[in-house]
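J.: The lines below spell out each chain.
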Amino acid sequence: AQTVTQSQPEMSVQEAETVTLSCTYDTSESNYYLFWYKQPPSRQMILVIRQEAYKQQNATENRFSVNFQKAAKSFSLKISDSQLGDTAMYFCALRWGGSNYKLTFGKGTLLTVNP
Amino acid sequence: DTEVTQTPKHLVMGMTNKKSLKCEQHMGHRAMYWYKQKAKKPPELMFVYSYEKLSINESVPSRFSPECPNSSLLNLHLHALQPEDSALYLCASSPMGLAGGPSYEQYFGPGTRLTVT
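From first to last, the protein sequence lines stand for chains C and H. The numbers in my numbering rise by one with no breaks, and the one at position 89 of the first sequence is 1121. The numbers in my numbering rise by one with no breaks, and the one at position 74 of the second sequence is 525.
Calculated from the structure, these hints are not laboratory results. Every value quoted in this text rests on a predicted model; they were computed, and no experiment measured them. Be a bit skeptical, because a hint or two may be false.
Unchecked claim - Derived EDC-like pairs (lysine to aspartate or glutamate); straight-line CA-CA distance at most 16 Å:
#1 C/K1139 with H/E509
#2 C/K1134 with H/E509
#3 H/K487 with H/E535
#4 C/K1134 with H/E495
#5 H/K492 with C/D1058
#6 C/K1139 with C/E1047
#7 C/K1105 with C/E1042
#8 H/K491 with C/D1058
#9 C/K1134 with H/E556
#10 H/K489 with H/E535
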């Protein structure tokens, strides 16, 4: 069984500051993929960043970067220079590399960026 | 075009009504998904279509009936729903990966907000 845990139900940050969202996961598989999805109040789920478990290098997409600690099964998301538009629910998700197409989501972290 | 579209945006239906949700993508993706999402909760997978064939049904009640008429279109037919079925219904799609199965990334539509009265 696969599990994803986001221990921070809500967080807030001031505009232009940096914030880190935590995610831990558990899987017995060696081939898997991790994702962060963002869901703003408009409700459209947007893929922010992904990480292949076999890659040691942490993924980066503009102001978003991850800290992937495979041994610790940790996958945190860092948002630099936070913007008001970053206000959203953030979901960490895991997908096994096999034929199971299912994404396992964490419960989400509601991030509020304050002006 | 990197968009998944869903219609309608909002739907209110009675428990005896029959209605349909529509999802469309023109990215050439051959895997499509239906999710149900309750407020402040993560999405829950309902169905997966791969090459227009149903490959996963997550034990969804028969009052929900999916259909994939072609590679770009996914429908969800609704009949005799219950008030607890009120939720946001999300559609997603994936390109196919090198191994022949769906790629690992899923691209979501904006959802249909369904209210059952």
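J.: Taking the hints in turn, state whether each one holds.
T.: Now the hints, each set against the structure:
Only pairs whose Cα atoms come within 16 Å are accepted, and C/K1139 paired with H/E509 is rejected, the gap being roughly 19 Å. A hinted pair counts as satisfied when its Cα atoms are at most 16 Å apart, and C/K1134 with H/E509 qualifies at roughly 10 Å. About 11 Å separates the Cα atoms of H/K487 and H/E535, which keeps this hinted pair within 16 Å; it holds. Our distance criterion of 16 Å between C-alpha atoms is met by C/K1134 and H/E495, whose separation comes to about 10 Å.
As the CA atoms of H/K492 and C/D1058 are separated by approximately 20 Å, the hinted pair breaks the 16 Å bound. Pair hint C/K1139 plus C/E1047 does not hold up; C-alpha atoms about 24 Å apart against a cutoff of 16 Å. A hinted pair counts as satisfied when its Cα atoms are at most 16 Å apart, and C/K1105 with C/E1042 does not qualify at roughly 21 Å. The straight-line distance between the Cα atoms of H/K491 and C/D1058 is roughly 23 Å, outside the 16 Å bound, and the hint therefore fails.
Only pairs whose Cα atoms come within 16 Å are accepted, and C/K1134 paired with H/E556 is accepted, the gap being roughly 11 Å. Proposed proximity of H/K489 and H/E535 is supported: the alpha carbons are some 10 Å apart, at most 16 Å.
Violation of the numbered hints given earlier is confined to hints 1, 5, 6, 7 and 8; the remaining hints are satisfied by the structure.
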